[in-house]
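Asker: Below, each chain spelled out in residue letters.
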Amino acid sequence: GQNIDQPTEMTATEGAIVQINCTYQTSGFNGLFWYQQHAGEAPTFLSYNVLDGLEEKGRFSSFLSRSKGYSYLLLKELQMKDSASYLCAVRDAGGSYIPTFGRGTSLIVHP
Amino acid sequence: ETGVTQTPRHLVMGMTNKKSLKCEQHLGHNAMYWYKQSAKKPLELMFVYSLEERVENNSVPSRFSPECPNSSHLFLHLHTLQPEDSALYLCASSQDSSSGDEQFFGPGTRLTVL
Numbered sequence: 001g002q003n004i005d006q007p008t009e010m011t012a013t014e015g016a017i018v019q020i021n022c023t024y025q026t027s028g029f030n031g032l033f034w035y036q037q038h039a040g041e042a043p044t045f046l047s048y049n050v051l052d053g054l055e056e057k058g059r060f061s062s063f064l065s066r067s068k069g070y071s072y073l074l075l076k077e078l079q080m081k082d083s084a085s086y087l088c089a090v091r092d093a094g095g096s097y098i099p100t101f102g103r104g105t106s107l108i109v110h111p
Numbered sequence: 112e113t114g115v116t117q118t119p120r121h122l123v124m125g126m127t128n129k130k131s132l133k134c135e136q137h138l139g140h141n142a143m144y145w146y147k148q149s150a151k152k153p154l155e156l157m158f159v160y161s162l163e164e165r166v167e168n169n170s171v172p173s174r175f176s177p178e179c180p181n182s183s184h185l186f187l188h189l190h191t192l193q194p195e196d197s198a199l200y201l202c203a204s205s206q207d208s209s210s211g212d213e214q215f216f217g218p219g220t221r222l223t224v225l
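Read top to bottom, the protein sequences are chains X and V.
Position 38 (the first sequence) corresponds to 38 in the working numbering; numbering is contiguous.
Position 44 (the second sequence) corresponds to 155 in the working numbering; numbering is contiguous.
These are calculated hints, taken from the structure and not from any lab test.
Just so it is clear, the structure is predicted and the values come from calculations on it, not from any experiment.
Heads up, the beta-carbon is just placed ideally off N, CA and C, and yes, glycines get one too.
Please note that a few of the clues may not be correct.
Footprint (simulated), chain V over chain X, 3 or more residues, beta carbon under 8 Å [claimed, not checked]: (1) 40 to 52; (2) 65 to 73.
Chain V side only, calculated, beta carbon under 10 Å to chain X, not exhaustive [claimed, not checked]: (3) Ala-142; (4) Tyr-146; (5) Lys-151; (6) Leu-154; (7) Ala-203; (8) Ser-208; (9) Gln-214; (10) Gly-219.
Below are the DSS-like pairs computed for lysine-lysine, each with C-alpha atoms no more than 25 Å apart in a straight line [unchecked claim]: (11) V:Lys-133 x V:Lys-147; (12) V:Lys-147 x V:Lys-129; (13) X:Lys-81 x X:Lys-57; (14) V:Lys-152 x X:Lys-81; (15) X:Lys-57 x X:Lys-68; (16) X:Lys-81 x V:Lys-151.
Modelling step: build the complete structure from the supplied sequences, incorporating the hints.
Answerer: Spelled out as structure tokens, the structure:
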């Protein structure tokens, strides 16, 4: 089985930087996804990490440390539209390639 | 536009009703999924279809019955539901179910069971 942990809620100020952490315990590891979900909308893909290190994509970056079972999503130059839920999902090394999702972190960006 | 559509967007039903949720993907994907999303809980995988064959069923009660007539369409038939089944039901698709490609989600159906 898998255990995925994220903070329930975070708040930040427009223009700031925020880091959303995700820790996981799995029987094996075969990739970690981050999705963004605005209220009442579909989750949308943000990033995928399978090797250690930082992947940068515009204002968003995702980091992975497989030895620590740890990832973070870094959001820079926060905008009001970044207020959303951020979902961490982990794929284990078992037969199924389907990721298991964490509870999500609700990010509220204040002016 | 994500390429995955779901209807209806909102549904209110009594415990004795029978209704169906519909999902359609326009992405040419081979795998489709049903998820349940409840408040304060992780996304729960319900069913997975690959090339119209069910490949995974996560111990979902029989009052939920999936149907995949072709690789573009997925249905979830509902009957004699319980109030605790009220949730957001999300459909997703991916290129296939075995490669771990990113999933594309529909907007969901908000279901309320009275």
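Asker: Hints first: check each against the structure and report whether it holds.
Answerer: Hint check results:
Here the region 40 to 52 of chain X counts 7 residues with a CB under 8 Å from a CB of chain V, which clears the bar of 3, and the coverage holds. Using a Cβ-Cβ cut-off of 8 Å, 0 residues of the region 65 to 73 of chain X lie near chain V, which falls short of the minimum of three, so the contact claim is violated. Evaluation of the V:Ala-142 hint against chain X yields a held restraint, the C-beta minimum of about 9 Å falling below 10 Å. Interface restraint check for V:Tyr-146: the shortest CB-CB distance to chain X comes to about 8 Å, inside 10 Å, so the restraint holds.
At about 7 Å, the closest approach between the beta carbon of V:Lys-151 and any beta carbon in chain X falls short of 10 Å, and the interface hint on this residue holds. Annotation: V:Leu-154 was flagged as interfacial toward chain X, and the flag holds, the nearest CB pair being 4 Å apart, inside 10 Å. Interface restraint check: V:Ala-203 against chain X, minimum CB-CB distance 8 Å, threshold 10 Å, status holds. Given the 10 Å rule on beta carbons, the hint for V:Ser-208 holds: about 7 Å separates it from the nearest Cβ of chain X.
The interface hint given for V:Gln-214 is met, as the beta carbon of that residue sits about 7 Å from the closest beta carbon of chain X, less than 10 Å. Contact between V:Gly-219 and chain X, as hinted, is supported at the beta carbon level, the nearest pair being about 6 Å apart and thus within 10 Å. For a cut-off of 25 Å, the pair hint linking V:Lys-133 to V:Lys-147 stands: about 14 Å separates their Cα positions. For a cut-off of 25 Å, the pair hint linking V:Lys-147 to V:Lys-129 stands: about 18 Å separates their Cα positions.
For the hint linking X:Lys-81 to X:Lys-57, the alpha-carbon distance of about 17 Å falls within 25 Å, and the restraint holds. Between V:Lys-152 and X:Lys-81 the CA atoms are separated by roughly 23 Å; this keeps the pair inside 25 Å, and the hint holds. Restraint check: the Cα-Cα separation between X:Lys-57 and X:Lys-68 comes to about 23 Å, which is no more than 25 Å; the hinted pair holds. A distance of roughly 22 Å separates the Cα atoms of X:Lys-81 and V:Lys-151; the hinted pair therefore holds under the 25 Å criterion.
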